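A.B. asks: The opening residue of the sequence shown carries number 1077 in our numbering; numbering runs sequentially from there.
Since the hints were made in silico from the structure, they are not lab data.
Owing to the predicted nature of the structure, the values given are computational and were not obtained by experimental measurement.
Check each hint, because a few of them may be wrong.
What the hints assert, rightly or not - Using 27 Å as the maximum straight-line C-alpha spacing, the simulated DSSO-like pairs for lysine-lysine come out as follows:
{"hint": "1", "residue 1": "K1243", "residue 2": "K1108"}
{"hint": "2", "residue 1": "K1079", "residue 2": "K1250"}
{"hint": "3", "residue 1": "K1243", "residue 2": "K1152"}
{"hint": "4", "residue 1": "K1108", "residue 2": "K1125"}
{"hint": "5", "residue 1": "K1079", "residue 2": "K1243"}
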Amino acid sequence: MSKREIRPEETTRAAAFALWMRSPNPMVTFFKTYDVMPLIRASRARGLKFNMLLAFCIGRAAAPVREFYLLPVGDKLMQYDRIAVNTIVRNRDGEVSSCDIAFTDDLAAFNAGYLRHTAQVRDTCVDHDLSEDYMVIGTSAIVDVELDGAVGMHSGIFHNPFLIWGKYRVDGEKALLPISFQFHHTQMDGAHAGRFLGNLQEEIAGMGEDI
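Work out the full structure, taking the sequences as your base and the hints as a guide.
C.D. replies: Structure below.
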């Protein structure tokens, strides 16, 4: 079983569950600017897609943070064993479709899954949804414009963590990319989000070291 309901009072999120589940605005958004030049160099050297590499780094940064395996769903707190990273795909009709990629720490396997499922979604215009079995981290890349920041919308239905970025800006030897990270306060506190963002910085930098 990869998803099960747990009792909030038996977790470290008990107080947060009581405070934030009925809040009209339970989402928190952090902004951080990254130097993604290591990803650009790795992309060119290995012939890999930049967006795939960033999604892989997001998965690796989230994997050791236990709060990513919890998620409020409806009025319940759910525990997951696995995580996935979502990406938005422009389909053959010129519209956008959603594609979940199961996270694995094996870059070659993650890349294979990314290429296979994004191609399938692009060609069929049908979303690839893993939300019943995985805690999915949402992402959206607005690659046609540089963004200083973006705040996601809280639908009241989906409480998943979500990252948004635009086009990176080359500044000397750096490529600067502001990324926003939105999360539900029941799922995690600022310290947990900060740990994830710090992990992401290390993963991005480390990608360049492996070339």
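A.B. asks: Please list, smallest to largest, the hint numbers that this structure does not respect.
C.D. replies: Hints 2, 3 and 5 contradicted; others consistent.
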